[in-house]
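Chemist: The lines below spell out each chain.
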Amino acid sequence: MADDRAEKILAGLGGAENVIEVEGCITRLRCELEDMSLLDEAALKAAGAMGVVRMGAGVQVIVGPEADNIASDIEDLL
Amino acid sequence: MSLEILSPVSGKATAMTEVPDPVFAQAMVGPGIAVLPSGGRQDAVAPVDGTVVTLHPHAFVVATEDGRGVLVHLGIDTVKQKGEGFTLHVVKGEAVRAGQPVVGWDPDAVKAAGYSPIVPVVALDAKAEVLSGLPTGGDVEAGDPIFTWDS
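Each protein sequence line maps, in turn, to chains A and Y.
So that you can map any letter, position 59 of the first sequence is 59 in UniProt numbering, and since no number is skipped, the others follow by simple counting.
So that you can map any letter, position 12 of the second sequence is 12 in UniProt numbering, and since no number is skipped, the others follow by simple counting.
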């Protein structure tokens, strides 16, 4: 299930080539993106994100305490 | 079942809405209360009996036997400190008792590094109405009950 979620979240971030860095924190994925305009908040929420917070050049995708696992799943896909 | 949540640190009980981070202030991962720590180096203690299911230097989650998770986050954006100044007293997967030291840290050093040392204590995935006894503005000691979580 987590694998599927990682794929969907990655798609919502604009795909692997748009992701510069993903870091799992305890409640959120801290992501640095190439092009913020490719961010699809609706897709991220559909993938289970509880919130999407834009912060300057980055975005935080709030996924809860499984963030670590999801981040490593996403890293495997990059 | 009624679950009593203990304060992980000593300090001033503060409304979650005052935490300088939208994820906590807007209760995106759950409601709860924050404690603004008083003083320097101290041990953050487990808020409930359970298992340490997630453990970072700056934050941890203790899950109870019936599957309720309580998140303790030591300061805001403290992930950027890469664990510096944080001492883990337990390992991931370890069973802990409420009040047991989990992570040693120094709120004053966090503040000196430019981060807020406030400690959100979050009832993960809970609805706000199942929490009660959320006092704010008062002083609490580590290990004092700060709120009750009814399921």
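Any given hint could turn out to be false.
[As the list claims (entries may be wrong)] Simulated coverage check for chain Y against chain A, where a stretch passes if three residues somewhere in it have a Cβ under 8 Å from a Cβ of chain A:
id, stretch
1, 25–32
2, 69–80
[Unchecked claim] With a cut-off of at most 25 Å between alpha-carbon atoms, the simulated SDA-like pairs for lysine to any residue come out as follows:
id, chain 1, residue 1, chain 2, residue 2
3, Y, K92, A, D76
4, Y, K111, Y, R68
5, A, K45, Y, P22
6, Y, K80, A, V53
7, Y, K92, A, K45
8, Y, K80, A, S72
9, A, K45, Y, V79
10, A, K45, A, E17
11, Y, K80, A, A46
12, A, K8, A, A46
13, Y, K127, A, A46
[Stated by the list, open to error] Sample of chain Y residues with no beta-carbon within 12 Å of chain A, all distances over it, derived:
id, residue
14, S10
15, A13
16, L55
17, V61
18, R97
19, G99
20, V122
21, D125
Rather than coming from a laboratory, the hints here were simulated on the basis of the structure.
Just so it is clear, the structure is predicted and the values come from calculations on it, not from any experiment.
For each residue, glycine too, the CB sits at the ideal point set by N, CA and C.
Chemist: Each of the hints needs a verdict: does it hold here or not?
Modeler: So, going through the hints one by one against the coordinates:
1. 25–32: holds (count 3)
2. 69–80: n = 4 at 8 Å, threshold three: holds.
3. K92(Y) x D76(A): With Cα atoms ~22 Å apart, K92(Y) and D76(A) stay inside 25 Å; holds.
4. K111(Y) x R68(Y): 31 Å, violated
5. K45(A) x P22(Y): 16 Å, holds
6. K80(Y) x V53(A): 18 Å, holds
7. K92(Y) x K45(A): With Cα atoms ~29 Å apart, K92(Y) and K45(A) exceed 25 Å; violated.
8. K80(Y) x S72(A): 18 Å, holds
9. K45(A) x V79(Y): 24 Å, holds
10. K45(A) x E17(A): Since the Cα atoms of K45(A) and E17(A) sit roughly 21 Å apart, the hinted pair holds (cutoff 25 Å).
11. K80(Y) x A46(A): Answer violated: K80(Y) to A46(A) is near 29 Å, above 25 Å.
12. K8(A) x A46(A): 8 Å, holds
13. K127(Y) x A46(A): Holds, at about 20 Å.
14. S10: 22 Å, holds
15. A13: 21 Å, holds
16. L55: 9 Å, violated
17. V61: Non-interface label on V61(Y) violated, nearest chain A Cβ at 5 Å vs cutoff 12 Å.
18. R97: 21 Å, holds
19. G99: 21 Å, holds
20. V122: 8 Å, violated
21. D125: 7 Å, violated
In summary, the numbered hints that this structure violates are 4, 7, 11, 16, 17, 20 and 21.
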